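Protein chains: 2
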Amino acid sequence: MLNSALCQRLGIEFPLFAFSHCRDVVVAVSKAGGMGVLGAVGMSPDRLREELDWIEAHVAGKPYGLDLIVPNKFEGKAEAFDSDKLLAALPAEHKAYADAILKRHGVDPTALEENRKLSTNWSQNLREEGAASGLEVAFQYPIKLIANALGLPPPIMLEQGKKHGVAVAALVGAKEHALAQVAAGVDFIIAAGGEAGGHCGDVSTMVLIPEVCAALRAINSDVPVLAAGGIVTGAQMAAAMAMGAAGAWCGSVWLTTPEAETNPIVKQKMLAATSRDTVRSRSRTGKPSRQLRSPWTDAWESEDAPKPLPMPLQSFVSEPALRYVDKLSQSGHEGARELATYWVGQGVGLMNEPISAGAVVQAFKEDFIVATERLAKFVEA
Amino acid sequence: MLNSALCQRLGIEFPLFAFSHCRDVVVAVSKAGGMGVLGAVGMSPDRLREELDWIEAHVAGKPYGLDLIVPNKFEGKAEAFDSDKLLAALPAEHKAYADAILKRHGVDPTALEENRKLSTNWSQNLREEGAASGLEVAFQYPIKLIANALGLPPPIMLEQGKKHGVAVAALVGAKEHALAQVAAGVDFIIAAGGEAGGHCGDVSTMVLIPEVCAALRAINSDVPVLAAGGIVTGAQMAAAMAMGAAGAWCGSVWLTTPEAETNPIVKQKMLAATSRDTVRSRSRTGKPSRQLRSPWTDAWESEDAPKPLPMPLQSFVSEPALRYVDKLSQSGHEGARELATYWVGQGVGLMNEPISAGAVVQAFKEDFIVATERLAKFVEA
Chain Y
1 MLNSALCQRL GIEFPLFAFS HCRDVVVAVS KAGGMGVLGA VGMSPDRLRE ELDWIEAHVA
61 GKPYGLDLIV PNKFEGKAEA FDSDKLLAAL PAEHKAYADA ILKRHGVDPT ALEENRKLST
121 NWSQNLREEG AASGLEVAFQ YPIKLIANAL GLPPPIMLEQ GKKHGVAVAA LVGAKEHALA
181 QVAAGVDFII AAGGEAGGHC GDVSTMVLIP EVCAALRAIN SDVPVLAAGG IVTGAQMAAA
241 MAMGAAGAWC GSVWLTTPEA ETNPIVKQKM LAATSRDTVR SRSRTGKPSR QLRSPWTDAW
301 ESEDAPKPLP MPLQSFVSEP ALRYVDKLSQ SGHEGARELA TYWVGQGVGL MNEPISAGAV
361 VQAFKEDFIV ATERLAKFVE A
Chain B
1 MLNSALCQRL GIEFPLFAFS HCRDVVVAVS KAGGMGVLGA VGMSPDRLRE ELDWIEAHVA
61 GKPYGLDLIV PNKFEGKAEA FDSDKLLAAL PAEHKAYADA ILKRHGVDPT ALEENRKLST
121 NWSQNLREEG AASGLEVAFQ YPIKLIANAL GLPPPIMLEQ GKKHGVAVAA LVGAKEHALA
181 QVAAGVDFII AAGGEAGGHC GDVSTMVLIP EVCAALRAIN SDVPVLAAGG IVTGAQMAAA
241 MAMGAAGAWC GSVWLTTPEA ETNPIVKQKM LAATSRDTVR SRSRTGKPSR QLRSPWTDAW
301 ESEDAPKPLP MPLQSFVSEP ALRYVDKLSQ SGHEGARELA TYWVGQGVGL MNEPISAGAV
361 VQAFKEDFIV ATERLAKFVE A
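Protein chains in written order, with the UniProt record's numbering: chain Y, 1 to 381; chain B, 1 to 381.
Bear in mind the hints are in silico, worked out from the structure with no lab data behind them. Remember, it's a predicted structure, so these values are computed and weren't measured experimentally. Be a bit skeptical, because a hint or two may be false.
What the hints assert, rightly or not - Listed next, the stretches of chain Y that the computed footprint assigns to chain B, with coverage defined by at least 3 CB atoms under 8 angstroms from CB atoms of chain B: (1) 104-112; (2) 153-165; (3) 185-195; (4) 231-237.
Said to hold, decoys possible - List of simulated lysine to aspartate or glutamate pairs, EDC-like, C-alpha gap at most 20 angstroms: (5) B:Lys307 / Y:Asp298; (6) B:Lys377 / Y:Asp222; (7) B:Lys365 / Y:Asp222.
We treat Cβ as the ideally placed atom computed from N, Cα and C, and that holds for glycine.
Construct the entire structure; sequences and hints are all you get.
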């Protein structure tokens with residue numbers, strides 16, 4: 001176990017946090033001494049219960065956490081949620097542009113219109129009300145951490161966290177947001193650099209971590225900062241902790257493990273990718289998110305592309321198409337294989353072997369020690 | 001002195017490299033135990049001789065270096081250099097767009113056309129022939145390092161470096177470029193993340209450093225890697241060295257020192273800026289370079305802006321305008337004050353006090369020790 005107040009507080013051995021949508025990854029990391037955090041956005045309360053039951057049955061009493069998304073700015077948040085109305089508002093230009101990309105790669109877009117409605121379900125959870133039913137389930141389980149990935153956590157999350165003794169964490173991409181989160185009462189800051197996979201700001205991890213740590217020191221806050229963005233090795237984790245972070249929050253590195261349910265086609269692409277094969281784009285959700293480059297993302301980055309719609313509307317354009325592409329790519333369709341993509345950070349350039357999640361944690365621990373010794377040697381008398 | 005092969009090789013105490021166009025910064029850093037590196041691009045051979053004479057007279061025998069730019073791809077490289085011809089090729093649209101930005105801020109662009117010709121002088125040095133006369137001067141001085149900031153160094157630089165026992169370094173922003181540089185025979189790699197000021201790639205320092213170090217290990221190369229991009233504190237330098245870097249190469253952090261000849265208006269802006277106040281844009285030179293955001297850069301990033309011209313043509317649009325703005329801003333012109341900008345990295349968010357270059361080196365040393373101890377404490381038995 002590291003000498004770390006954070007490890008003691010959470011009852012973990014090594015302050016490596018694994019954000020994953022796959023319960024197998026969550027369990028493997030928690031059992032290996034880190035902390036698995038289940039990404040539960042888009043899950044119905046029933047599905048969430050099922051996942052948490054499974055985790056409880058397999059995690060051998062080790063601590064784990066949960067991650068939800070409740071953005072502050074949400075199109076249609078105030079009005080009653082109406083899938084048909086949202087779908088009717090989708091500009092024909094965007095749907096036609098997406099269809100044209102698919103056609104150019106031999107994918108027939110006819111089936112998409114039907115699937116589009118299904119894709120609105122996940123955004124149900126993006127609303128405070130939708131999230132509330134998820135939270136109700138969550139706090140029936142002995143989770144140790146609950147994180148909110150976009151904006152300030154809803155008051156109910158903070159209240160329930162306090163009541164149940166569950167640490168509430170929030171993801172931020174800028175110093176100002178970290179200060180706002182601490183003022184709102186979160187227990188942990190996850191500071192994510194612009195090299196992170198998924199939604200991200202544009203300040204790099206190397207700058208953001210010391211900047212956030214300095215800002216918190218300046219207000220005498222002792223809220224721990226977890227470093228995220230590009231971190232896929234123990235040496236990078238050590239680097240972040242040398243700059244003041246209390247641990248590392250990683251998402252991308254688990255995507256190529258055998259435990260992850262990543263599309264095998266995309267997994268192969270990730271193992272082969274360099275750090276320059278990702279793009280930060282608004283084309284998937286409407287907010288900037290980093291993803292593996294493919295002809296799909298290239299087309300949306302081109303000058304002819306329509307401007308991405310605000311969140312969550314852009315998702316109703318991209319998700320049905322990319323889910324269909326995912327399915328087709330696995331049945332051997334060449335055009336779909338080319339288009340397939342998923343969220344991943346620049347650290348993908350360092351992810352070159354499909355080792356298990358437990359082995360990833362072990363490699364982190366070893367690299368962490370090597371990096372610490374490397375640095376110490378520079379100043380030995 | 002750190003226990004570092006690099007320090008022994010160069011005869012320095014602390015592997016902090018200061019890239020600066022100001023000879024006072026170069027001397028202050030070398031005398032404080034780091035290594036000052038004079039950015040000499042755009043200097044005539046006579047001017048370079050003058051600067052190096054001054055450094056020799058003040059540096060008290062401490063080691064220092066020199067930085068030039070000789071890009072491989074250069075518009076008009078093959079043909080005879082003809083300022084008039086290049087200027088005649090500038091599209092009216094770009095000049096008109098620049099003029100309109102100035103006018104909107106109350107700056108009269110009439111004087112610019114005359115100044116534009118002067119601005120072509122610096123690009124003279126971007127050609128191998130122009131650089132050769134600079135190199136001839138350089139090797140008459142006891143420099144310890146010579147760096148090339150864009151592309152592979154010209155053969156003459158590598159030959160002369162070998163002959164005179166001067167280490168040749170090259171700036172890269174991607175793993176593939178590092179491998180090409182090592183194959184070409186450089187002695188040092190400077191790996192610069194996308195958060196760096198000036199010309200930069202888009203892979204972050206946190207990812208690029210371990211990626212380049214791993215790539216060099218894989219070919220059994222022991223060429224040292226200096227980390228650049230966003231580094232303005234000793235803790236960040238320690239972080240980079242925990243990941244395998246042999247030292248840090250910094251440019252931005254010197255810009256707000258009293259020794260630097262930075263426009264005082266821009267200096268004030270930098271001290272007040274956060275890490276989100278920079279932009280990576282092709283609008284200054286034609287290649288992506290990171291600079292302080294201002295209404296000038298915002299205008300070039302807007303959707304109405306003409307696409308930046310290839311290097312060096314875009315410079316003939318931007319440099320005369322921005323130099324004029326620089327001058328005007330210092331005489332109290334409000335519009336010019338708003339427009340004023342300069343190259344700087346995201347680390348600007350951590351540059352909040354105008355301390356001297358020597359004090360910066362001292363602060364780096366102290367922060368480096370603190371960071372090393374912070375990290376070591378995590379693993380103490």
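Results for each hint:
1. 104-112: Our answer is that it is violated, as 0 residues pass the Cβ test (under 8 angstroms) against chain B, missing three.
2. 153-165: It is violated: at least three residues are needed, and the stretch 153-165 of chain Y offers just 0 whose Cβ sits closer than 8 angstroms to chain B.
3. 185-195: Since three or more residues must qualify, the claim that chain B covers the stretch 185-195 of chain Y holds, with 3 doing so at under 8 angstroms.
4. 231-237: holds (count 4)
5. B:Lys307 / Y:Asp298: 18 angstroms, holds
6. B:Lys377 / Y:Asp222: Since the Cα atoms of B:Lys377 and Y:Asp222 sit roughly 18 angstroms apart, the hinted pair holds (cutoff 20 angstroms).
7. B:Lys365 / Y:Asp222: Violated - the C-alpha atoms of Y:Asp222 and B:Lys365 are around 25 angstroms apart, more than 20 angstroms.
Going through the hint list in order, the structure does not satisfy hints 1, 2, 7.
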